[in-house]
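Chemist: The task is simple: from the sequences and hints, build the whole structure.
With the numbering used here, the residue at position 137 of the sequence shown is 690, and numbering never jumps.
Hints are supplied without guarantee of correctness; some may be wrong.
[Unchecked claim] In silico DSS-like cross-links for lysine-lysine, where the CA-CA straight-line distance does not exceed 25 Å:
| hint | residue 1 | residue 2 |
| --- | --- | --- |
| 1 | 586 | 555 |
| 2 | 692 | 555 |
| 3 | 669 | 801 |
| 4 | 692 | 586 |
| 5 | 600 | 801 |
| 6 | 586 | 705 |
| 7 | 705 | 692 |
| 8 | 586 | 600 |
| 9 | 555 | 705 |
| 10 | 600 | 555 |
Hints listed in this document are in silico derivations from the structure and should not be mistaken for laboratory results.
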Amino acid sequence: MKEYTEVNARTVDRWVENGWEWGTPVSHEVCGKARRGEWDVLLTPTKPVPHEWFPPFPGCRLLGLASGGGQQIPIFSLLGASCTVLDFSARQLEQEALVAGREGYHAELVRADMTKPLPFPDGAFDCIFHPVSNCYIEKVEPVWRECFRVLKPGGVLLAGVDNGLNYLFDEDSPTLAHPLPFNPLLDEELYRRSVEQYDGIQFSHTTEEQLRPLLRAGFSLLDLYEDTNGYGVLERFRVPTFLAFLAKKPQ
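Modeler: The following block contains the structure:
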């Protein structure tokens with residue numbers, strides 16, 4: 554059997570080929586606005602990230618962790634950051650290369666599995682930007698430890714995470730369907746359905762499961778906000794299903 558992360562990489566490739574929202578690169582017009590200092594980016598589905606969460610972009614060494622797709626890295630690059638993007642989806646990295654070529658900037662593209670040690674030296678980055686993607690990995694703590702390692706002292710982690718509530722339901726159904734935790738690696742039938750329906754192998758993680766390992770890794774939590782899906786049953790009731798946070802590696 555393939556490693557589940559390989560299954561997920563191939564699944565995301567398929568989503569991108571079918572026009573996935575989070576694999577559609579920003580337009581030339583959006584890039585033009587970024588050059589003029591007009592920009593916003595997302596860590597979660599609907600709420601823009603506060604600009605004050607970011608360090609100054611000129612000279613900033615920024616890692617987009619599982620951040621391929623040509624949506625955020627172009628903005629950061631055009632604002633003056635020196636960007637590296639790590640993603641396990643080849644198609645997401647192709648989208649990054651497409652925008653970089655179109656807009657005339659350079660970003661380092663790295664295809665790697667974030668469940669493994671990150672292929673960077675200690676203290677390599679000033680900032681890590683990590684949109685919602687921990688739902689595609691079983692264990693969160695190793696990722697936070699690696700983020701801590703590759704950040705320089707005083708560096709910041711901006712991350713978006715799912716709080717697990719979406720996994721109680723089948724999409725567009727208000728009926729409780731799945732107990733938590735949602736983990737296809739522990740349920741053969743759930744694994745089979747996940748693969749057959751091209752959902753990828755996804756995992757629920759509670760807020761505790763996300764933030765407690767973050768603090769144990771050594772980060773200080775500076776700020777956070779909640780967000781909703783932007784569509785569907787839970788959105789109609791304004792149920793928060795995502796969390797975005799700013800964390801810092803101590804000096």
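Chemist: Please flag the earlier hints that this structure goes against, numbers listed from lowest up.
Modeler: 1, 4, 6, 9, 10
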